[in-house]
Amino acid sequence: MNSAITYYLRLALTNFIVLTVLGLVLRYMHIADIDGVNYQFLLHAHSHFAFAGWMFFAIALLIISLIDKNTLARSFKWVMILALISAYGMLVSFYLQGYKAVSITFSTLFIIVTYRFTYLVFKSKILKNGLNPLSAGLISASLIFLCLSSAGPFALGPLMALGLKNTPWYQDAIYIYLHFQMNGFMLLAGWGMFASVWPNVSLNKASKTWLKLFVWSTAALYFIFTLWSKPGVPFQALAAAGAIVNLVSWLMLCIGCRDQLPKCSLLVKAALAATTLKCIFQVIVCIPGVGEWVFSNRDLIIGYIHLLTLGIISPLILDQMIRRGFLKRSLPLVWIYIGAAVVYVALLFLQPFLARLGVLIPDYEILLFAVSLVFLFIAVVFFFKFSFKR
Amino acid sequence: MKTKNLRQLIPALLISGAAFLYACGGSGNDASSSADTTSNSAASTAASVDPATKSDSKGVGKFTSVQLGPIDDAMAEKGKAVFTAKCSACHKATDQRVVGPGLKGVTQRRTPEWIMNQITNPAEMEQKDPVGKALLAKYLTQMTFQNVTDDETRQILEYFRQNDKQ
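Chain order of the listed sequences is A and B. Residue numbers for the first sequence, in my numbering: 1 to 390. Residue numbers for the second sequence, in my numbering: 1 to 166.
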């Protein structure tokens, strides 16, 4: 039973292992030299593979399995196969030559795959009939953001042609992709899948409004990613409004669901805490002056990205896999995972603040490397916790 | 139900659409940079200079003349601490690149003034200095000002000098 979906989900976990290896090598390059490996190319390989091979791949499969628990329809199978090809294509081509024709081709393939996936999910009517309104609202919004994210890469060509490559718009276009992929697609889909397990949540009027506000403000959060270039008061105001509404609506949604939340798994509780932190950070970044400092700080940016990916999205994916019986439950493993994620993100966030005070975290790079090693270990153990029998 | 879902998403679409248009349509903003910038800006203009070779440029910025004495180890020690805290996310002190170039040998290929200007004024260096442009074209990432004081900058230079003597 479920052989195709279980098979592909196990591939997703394989990709998770590959991803942690890439991260590990990147961290290793900070403490020792590796001849012949281009750090930047490897970094691109790591991030593109993470988006396509782990996050999209796993989330798409979990959404598909909401639609049909028992079979993987042919059309979806093609989506998964092409997603896999694009993920590995990007991995290899970014690693070998960076942002060039081949990698752009695979990236474009990935974008087309995401369109096709969105179309198929909307066509399946699951959003209308199969899910509670909270889950359906979050997942449909997430898919629309998924498609919107491609506006970023598609704008790069015209921007270049208009001679705007040297301006902030170019970087802002890249941030469209990052923002709508991570905050838009992955985060909303993750919480949407989580909410799908509640049989009949009917939203009261207030919760409906908060849900709408949460989704809209997610779009407005994009303005935070323009603050690095000091774009002026209107942008600041929009970013701040987005961040505040996002935080408030998130908290109100949590309060609305307060009866269910205490029963959540540990992974979900971690994701709840991480999402709340993320929403708070977003408000802080909007304080004039703070944003510029934050964006000039590579560790903080990388910390924010990993707060999202390691703190929110991956826990929600793993929780779904456990809840639906694909993965065997293992509390110690979950604790190790959460511990590693907390240490990793805390290191990246703390170091820039301590550096301002002239304090250095001893063996900082080695610690980050050590935590990356723990992630590889966790990924491998999760792989062996995979269960074909459900 | 479905139409309702869609209806609630239309504003989201509009907001993000506006964000997108706004982002593409704006006029000249101050082009400071972001930590994770991956723009190939100077790629076309800078083919003439090879960033690996020696240059006598003093760069663009406030440092026009830096007097060097014998290497001050205490100062270099301070510089190393600043470097570890503020630069090591992107640079190593060996000849290996990570995000930015490996900085072993940098005092041999650049003037002291150039190095101090690069540290304190990277955005302008990437736009105006021939070597700065060539570096950006090669590394495709902008270096960002790391809030270092002039004293710290001088300490880092001392650390580079010490690092290059070893």
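Everything labelled a hint here was simulated from the structure, so no lab data went into it. Take the hints with a grain of salt, since some may be wrong.
[Stated by the list, open to error] Keeping only pairs whose Cα atoms sit at most 25 Å apart, straight-line, the calculated SDA-like set for lysine to any residue is:
no.: 1; chain 1: B; residue 1: LYS104; chain 2: A; residue 2: ASN129
no.: 2; chain 1: B; residue 1: LYS62; chain 2: A; residue 2: GLU292
no.: 3; chain 1: A; residue 1: LYS125; chain 2: A; residue 2: ILE174
no.: 4; chain 1: B; residue 1: LYS104; chain 2: A; residue 2: LEU26
no.: 5; chain 1: B; residue 1: LYS138; chain 2: A; residue 2: LYS125
no.: 6; chain 1: B; residue 1: LYS138; chain 2: A; residue 2: ILE174
Here is how each hint holds up against the structure:
1. B/LYS104 to A/ASN129: The hint is violated at about 63 Å.
2. B/LYS62 to A/GLU292: The given pair, whose Cα atoms are some 22 Å apart, holds under the 25 Å limit.
3. A/LYS125 to A/ILE174: At roughly 32 Å apart (the allowed maximum being 25 Å), A/ILE174 and A/LYS125 break the hint.
4. B/LYS104 to A/LEU26: Roughly 20 Å between the alpha carbons, so the hint for B/LYS104 and A/LEU26 holds.
5. B/LYS138 to A/LYS125: 49 Å, violated
6. B/LYS138 to A/ILE174: The given pair, whose Cα atoms are some 19 Å apart, holds under the 25 Å limit.
The structure fails to meet hints 1, 3 and 5 from the earlier list, while all remaining hints are met.
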